[in-house]
Amino acid sequence: MLLIGAVQAEMIGVDYFDYPNGNIAGKAGGLYWDWNNVTKTHTGTVSNWNNVFNTVNVQDGKLVTSNSGARREYNGPSEGTGTNPDTDERLGAFRGTGTVYYGVKMTQEVANPWCGFSGYDFGSERIFFGQPNGDSYFGIQISGGAKALSTIPVVIGQTYHLVSAIDFDGDQLRLWVNPDGNDWDNGAADNSADVTLVYTGSNWNTSVRLASGAQTQWDDCMVATTFSELLYGAAMNPSPANLQTNVPLNVTLSWDPARDPANFAQPDPAVKA
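Each residue of the sequence shown is one higher than the one before, starting from 168 at the first, in the working numbering.
Rather than coming from a laboratory, the hints here were simulated on the basis of the structure. Hints may contain errors.
Here are the simulated distance ranges between beta carbons [as the list claims (entries may be wrong)]:
#	residue 1	residue 2	range
1	P280	T367	34 to 44 Å
2	F220	Q325	34 to 44 Å
3	G196	S291	35 to 45 Å
4	A192	G324	22 to 32 Å
5	Y327	P436	13 to 23 Å
Here are the computed lysine-lysine pairs in the DSS-like style, where the Cα-Cα straight-line distance is at most 27 Å [said to hold, decoys possible]:
#	residue 1	residue 2
6	K272	K194
7	K272	K229
8	K207	K194
By construction, the Cβ of each residue, glycine as well, lies at the ideal position given by its N, Cα and C atoms.
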């Protein structure tokens, strides 16, 4: 069963990687990535992808990492810790409070020494979800600190839907592998995560990184404030444009239905017109 707490739901960013083949650096597509976490509003000014180490490329609608990694901030376009005025990245930060959720699809194409997605505090990696270095199971690792492994092995060639939570208020990190409608998250004391780890860090959280030691495909990268949004994915609304206001009354409105949990590129067959 899916249980949802009384928390205001916000989709912070969605990227389906539907870019032309080539370097991901500077790409700013998808939905949102414009979240001001101070005012709790979407600003309309989006962030873009940055290579963290080596070059990450888009290939046939997938992000491909191989001894490389790239990250994207929750708000943009200005980056860094600067104040007076605050950078967009700083305004989008979770400041050691609240819960931020990540969702992504991952497929290892070859054996990997490590592979996963990370929570960043500006330029510093703080938390890693996926296959920690030297292990063959899904798990969670705090940078320079503790690690917890699930009992679920990482199988080459298999596509996994991974969802994680960085719960600053509950002092816990959580990871789900292929969650479905029977999974839930009501906080540190009541969840169905496949692996958890105590986390008492008070660092800020400003961006998500996708990276691997060997060739890996990524798709449907999402950041949100509730578990349920990442369980079922985000609907795409091409018209009117996201955040558009004062739309003329004679405009034609269109939308895509909710995404299929098994394939975010397709409509959910359970949703009827």
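Note to self: Checking each numbered hint in turn, tell me which of them this model violates, lowest number first.
What the structure shows: 1, 2, 3
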